[in-house]
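Participant: Sequence:
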Amino acid sequence: MTRIAIIVGSTRPGRRATAVAQWVKEVANRHRTAASDGVTYELVDVADQGLPLLDEPLPPLFGQYTNPHTQRWSDTVSGFDGFVFVTPEYNHSVPAALKNALDYLFAEWNDKAAGFVSYGVHGGTRAVEHLRVTLAELKVAGVRTQVALSVFTDFKIEDPTEHGLFTPGPHQEEALGELLDEVVAWSRALAPLRAAQEVSVPEPAQP
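Under my numbering, read the sequence shown as residues 142 to 348, first letter to last.
Since the hints were derived computationally from the structure, they do not count as laboratory data.
Check before you lean on any hint, since a few could be wrong.
Claimed, not checked - Derived BS3-like pairs (lysine-lysine); straight-line CA-CA distance at most 25 angstroms:
# : residue 1 : residue 2
1 : K280      : K240
2 : K297      : K166
3 : K240      : K297
Said to hold, decoys possible - DEER-style ranges, computed between Cβ atoms:
#  : residue 1 : residue 2 : range
4  : G191      : E278      : 23 to 29 angstroms
5  : F203      : K297      : 21 to 27 angstroms
6  : L194      : V274      : 18 to 24 angstroms
7  : N232      : N170      : 29 to 35 angstroms
8  : I298      : P333      : 43 to 49 angstroms
9  : I298      : P209      : 36 to 42 angstroms
10 : L195      : E319      : 31 to 37 angstroms
11 : N232      : P200      : 25 to 31 angstroms
12 : P333      : L199      : 25 to 31 angstroms
13 : H312      : N241      : 29 to 35 angstroms
14 : V262      : L334      : 35 to 41 angstroms
15 : H271      : D189      : 19 to 25 angstroms
16 : P198      : Q163      : 35 to 41 angstroms
Each residue gets a CB set at the ideal place from its N, CA and C atoms; glycine is no exception.
Build the full structure now, drawing on both the sequences and the hints.
Facilitator: Right, dumping it as structure tokens:
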């Protein structure tokens, strides 16, 4: 069984990310990888993880965690073989909460694959460029295909203070299908590397 996490990268009240992530999950659940290829897709919301600004005394490279919230996050990420990140673009980059969640861990991300579904005035493409660089340092293989959703054409927004109605064009589902194929293929291709590492995440340090 291959497990893919759909990570909701925005924590802002009124965010559009939840509607986009639900769409990703719905498309994924009827995609051929889920229907006949033994793949499960699960939503993981950064807003639900209770992660403060990084507060571990040691760099995550050492894997020696002192806080329960870090260990819970470690356990969550460790269980997946690949990821689909759903992110808006904030000031030419990703939300701080998503970057913080990435920075908490190291080995748990290693030798896995990731795809990107972004949205924004420019389709969120600049946020994904930053995200790809960060994930490369965490030894995550970013796939080529990307879904870039425009707030002008993939949402119906009458009031700019509200998230509006998510109405992705039909071509976006086709792109998402290609993205899922790539994420699953790369996640499986990297499985021998994950097995060779036999990463064992340590228990939290005792006070």
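Participant: When the structure is checked against the list of hints, which entries are broken? Sort them ascending.
Facilitator: 3, 5
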